[in-house]
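From first to last, the protein sequence lines stand for chains A and B.
In the numbering used here, each number is its position in the first sequence, counted from 1, plus 1.
In the numbering used here, each number is its position in the second sequence, counted from 1, plus 178.
It is possible that part of the hints are untrue.
[Said to hold, decoys possible] If you want the ones that stay clear, here's a sample from chain A, every Cβ over 12 Å from chain B, calculated:
#1 Asn-20
#2 Leu-26
#3 Tyr-30
#4 Thr-55
#5 His-89
#6 Val-98
#7 Trp-144
#8 Leu-152
#9 Val-168
#10 Ala-182
#11 Ala-184
#12 Ala-202
#13 Met-211
#14 Ser-239
#15 Val-256
#16 Ile-257
[Said to hold, decoys possible] Taking beta-carbon pairs under 10 Å as the criterion, some of the chain A residues facing chain B (in silico):
#17 Phe-27
#18 Tyr-90
#19 Gly-273
Note that these hints are calculated values from the structure, not bench results.
Ideal placement from N, C-alpha and C gives every residue a C-beta, glycine not left out.
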Amino acid sequence: MNLRSFRTAAWLGWKIESNWTDPFLFAVYSIVKPLSGAAILVVMYSVITNGNFTDPLFPYIYLGNAFYMYVGAVMTGVSWAIIDDREHYRTLKYMYVAPIRIPLYLIGRAVARFLTGSFSVFITIVFGVLFLHVPINLAEVNWLLFIISLLMGVVLLALMGLTLAGVTLLLARHGDYLGDAVAGGLYLFSGAVFPLDVLPAWLRPLGYAMPITYWLELLRRSLVGSVAQAFPSLSAMSNGQLLAILAGMIVLAAVIAVITFRWCDYQARERGYIDRTTNY
Amino acid sequence: MSAEYSIETEGLGRTYRLRENKKKKDQPRELVALTGVNLQVQRGELFGLLGPNGAGKTTLIKILTTLLGPSTGWAKVAGYDVHRETVKVRPLINMVSGGESSGYGLLTVRENLWMFSQFYGMQSVEAYKYIDQLLAEFGLADRANTKSSDLSTGLRQKMNIIRGFMTGPEVLFLDEPTLGLDVGASRDVRSFVRRWINENPRRTLLLTTHTMVEADELCDRVAIINRGRVLACDTPAALKHELQQEAIFNLDVSAQNGLEAAAFEALPGVRKVQLTPLDGHSQLQFILAEESVLSAVVNTLTQRDVTILNLTKREPTLEDVFVTLVGRSMAEEEKVGSNGNGH
Ligand SMILES: Nc1ncnc2c1ncn2[C@@H]1O[C@H](COP(=O)(O)OP(=O)(O)OP(=O)(O)O)[C@@H](O)[C@H]1O
Ligand SMILES: [Mg+2]
Chain A
2 MNLRSFRTAA
12 WLGWKIESNW
22 TDPFLFAVYS
32 IVKPLSGAAI
42 LVVMYSVITN
52 GNFTDPLFPY
62 IYLGNAFYMY
72 VGAVMTGVSW
82 AIIDDREHYR
92 TLKYMYVAPI
102 RIPLYLIGRA
112 VARFLTGSFS
122 VFITIVFGVL
132 FLHVPINLAE
142 VNWLLFIISL
152 LMGVVLLALM
162 GLTLAGVTLL
172 LARHGDYLGD
182 AVAGGLYLFS
192 GAVFPLDVLP
202 AWLRPLGYAM
212 PITYWLELLR
222 RSLVGSVAQA
232 FPSLSAMSNG
242 QLLAILAGMI
252 VLAAVIAVIT
262 FRWCDYQARE
272 RGYIDRTTNY
Chain B
179 MSAEYSIETE
189 GLGRTYRLRE
199 NKKKKDQPRE
209 LVALTGVNLQ
219 VQRGELFGLL
229 GPNGAGKTTL
239 IKILTTLLGP
249 STGWAKVAGY
259 DVHRETVKVR
269 PLINMVSGGE
279 SSGYGLLTVR
289 ENLWMFSQFY
299 GMQSVEAYKY
309 IDQLLAEFGL
319 ADRANTKSSD
329 LSTGLRQKMN
339 IIRGFMTGPE
349 VLFLDEPTLG
359 LDVGASRDVR
369 SFVRRWINEN
379 PRRTLLLTTH
389 TMVEADELCD
399 RVAIINRGRV
409 LACDTPAALK
419 HELQQEAIFN
429 LDVSAQNGLE
439 AAAFEALPGV
449 RKVQLTPLDG
459 HSQLQFILAE
469 ESVLSAVVNT
479 LTQRDVTILN
489 LTKREPTLED
499 VFVTLVGRSM
509 AEEEKVGSNG
519 NGH
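Could you put the whole structure together from the sequences, leaning on the hints where they help?
What follows is the structure, encoded as structure tokens:
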């Protein structure tokens with residue numbers, strides 16, 4: 002029953018995500034959007050470093066940015082379903098009355114975003130390798146580490162999305178910006194666009210406290226071994242240590258997600274927010 | 179599980195906290211939407227909640243369907259506490275709100291319904307069979323593969339109603355199911371509701387309405403609710419029977435400026451008068467303690483040179499029951515209620 006509702010939620014998510022009148026446009030959009038995002042970054046990098054693409058900083062930034070697309074896709078994918086169902090389709094109350102686990106439903110809804118996100122990440126990386134000399138050598142990739150890290154990251158992001166979904170339940174207005182705000186905030190401090198070493202010393206602890214920091218580092222190391230050594234902040238740690246830290250943080254994220262979602266869910270029912278719609 | 183009642187509430191109440199309005203400091207901060215509601219609905223009953231806008235009907239349904247926490251008291255549905263045992267209640271119930279268009283517009287009618295069947299753990303093959311059968315019964319068969327965004331509001335509501343019945347609930351809640359439907363569609367829904375409940379004695383259905391006829395002709399028992407309180411609860415016949423001793427008259431009279439209901443209410447034995455100005459004449463409705471009071475009424479009219487065009491004695495309706503309980507008609511109550519929300 003749980004599996005079936007999860008599958009159905011994923012099916013619904015996919016229907017919504019791919020609701021383009023023209024599949025060709027959908028494909029173009031899925032390619033153009035991530036590449037244009039990467040292009041902005043590349044241009045900025047090029048201006049700042051005078052086109053020095055051989056510095057290990059470039060693959061560091063390029064890959065960090067590419068994988069960071071998962072953050073928006075999965076995390077806000079989970080919480081967005083609350084807003085979408087409550088405000089747009091007006092079905093959230095019917096989902097609540099149904100005998101399904103809402104967290105499972107919400108995560109199911111995000112599966113489609115994970116898939117389209119994966120596609121974007123893939124396209125971006127392939128583009129980087131082909132045209133920008135991002136030094137990925139397929140023979141040297143640590144596939145096991147890559148897959149484990151990626152899966153752990155998806156779990157982490159889903160849990161963060163669930164926490165966000167709980168808070169969204171209690172927010173009537175502006176709930177739609179919350180996901181973007183959180184994703185944007187984490188972007189700066191998670192080593193996505195620049196190594197933690199670049200941050201002022203007093204801001205670094207913030208970066209160390211972010212699970213995404215370790216996740217991105219693991220992904221980079223698994224794809225491009227040499228990148229890891231270039232920046233001192235995390236290079237002292239072994240892959241095993243990074244994985245252990247990430248695993249610990251996932252457990253913590255799970256505890257936070259369960260407590261937050263339960264509490265918010267209870268409060269939402271107490272206050273009558275399950276079927277509240279905002280009339281803008 | 180052998181619950182005595184399908185739906186049971188005791189001392190059920192709900193208070194909404196109102197958001198503060200900075201411009202109007204003196205406004206109340208709380209609104210009592212429901213208070214002291216005691217209901218017992220038996221398995222197999224088609225139970226109606228009748229009340230004007232803002233009476234608290236939807237609030238009650240939301241509590242009973244686990245969407246809203248009560249402020250006081252408790253409620254059980256199918257034997258389980260709706261607040262503490264939501265996981266046990268949910269598989270046994272379903273709910274439909276009328277007068278809104280919900281659903282995934284990008285899915286077809288059939289897809290929308292199939293999706294919900296999956297959330298209730300139905301096998302796809304059986305679900306499709308039942309869905310197609312219901313679509314045919316509701317005259318939607320030819321729209322099965324239409325995207326639901328292309329349906330009119332009324333047809334979407336029918337789809338939503340099918341969603342409620344489709345999952346085979348033990349207890350089904352319909353919040354104003356015929357709101358916004360045309361006469362024919364309303365009739366279809368009502369007859370389906372009746373058949374559905376008669377088909378299987380394990381089923382229970384609670385619906386809310388503010389149409390008298392719906393409550394009167396459809397429901398086994400009706401609770402009349404106003405301003406959060408249940409004022410009476412019985413079979414429509416028994417509710418009306420209370421008024422049987424009294425005499426209810428409709429009078430069409432020539433239009434007359436200055437004719438006031440109050441002038442008649444002062445007469446001894448007149449319970450309630452309603453004056454409705456119509457095109458070229460006026461209609462007066464009287465609830466009298468007994469028939470003999472009518473002569474005093476007629477005298478008053480003659481003294482004022484009012485011509486009686488038509489006089490009929492009629493059977494009491496639930497509207498009359500409401501009027502005697504509240505002192506106002508439902509329409510009047512809705513007007514009063516909307517000017518500052520009562521209380
Ligand atoms: N979320 C809310 N916050 C504050 N007040 C509310 C809320 N929901 C309902 N109310 C108020 O509670 C009262 C009862 O509302 P409810 O929706 O239960 O009435 P109803 O009988 O369903 O009316 P209608 O026939 O208009 O649907 C009304 O005065 C309404 O304004
Ligand atoms: Mg209502």
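Run through the hints listed earlier and report the numbers of any the structure violates, in increasing order.
1, 5, 6 and 17
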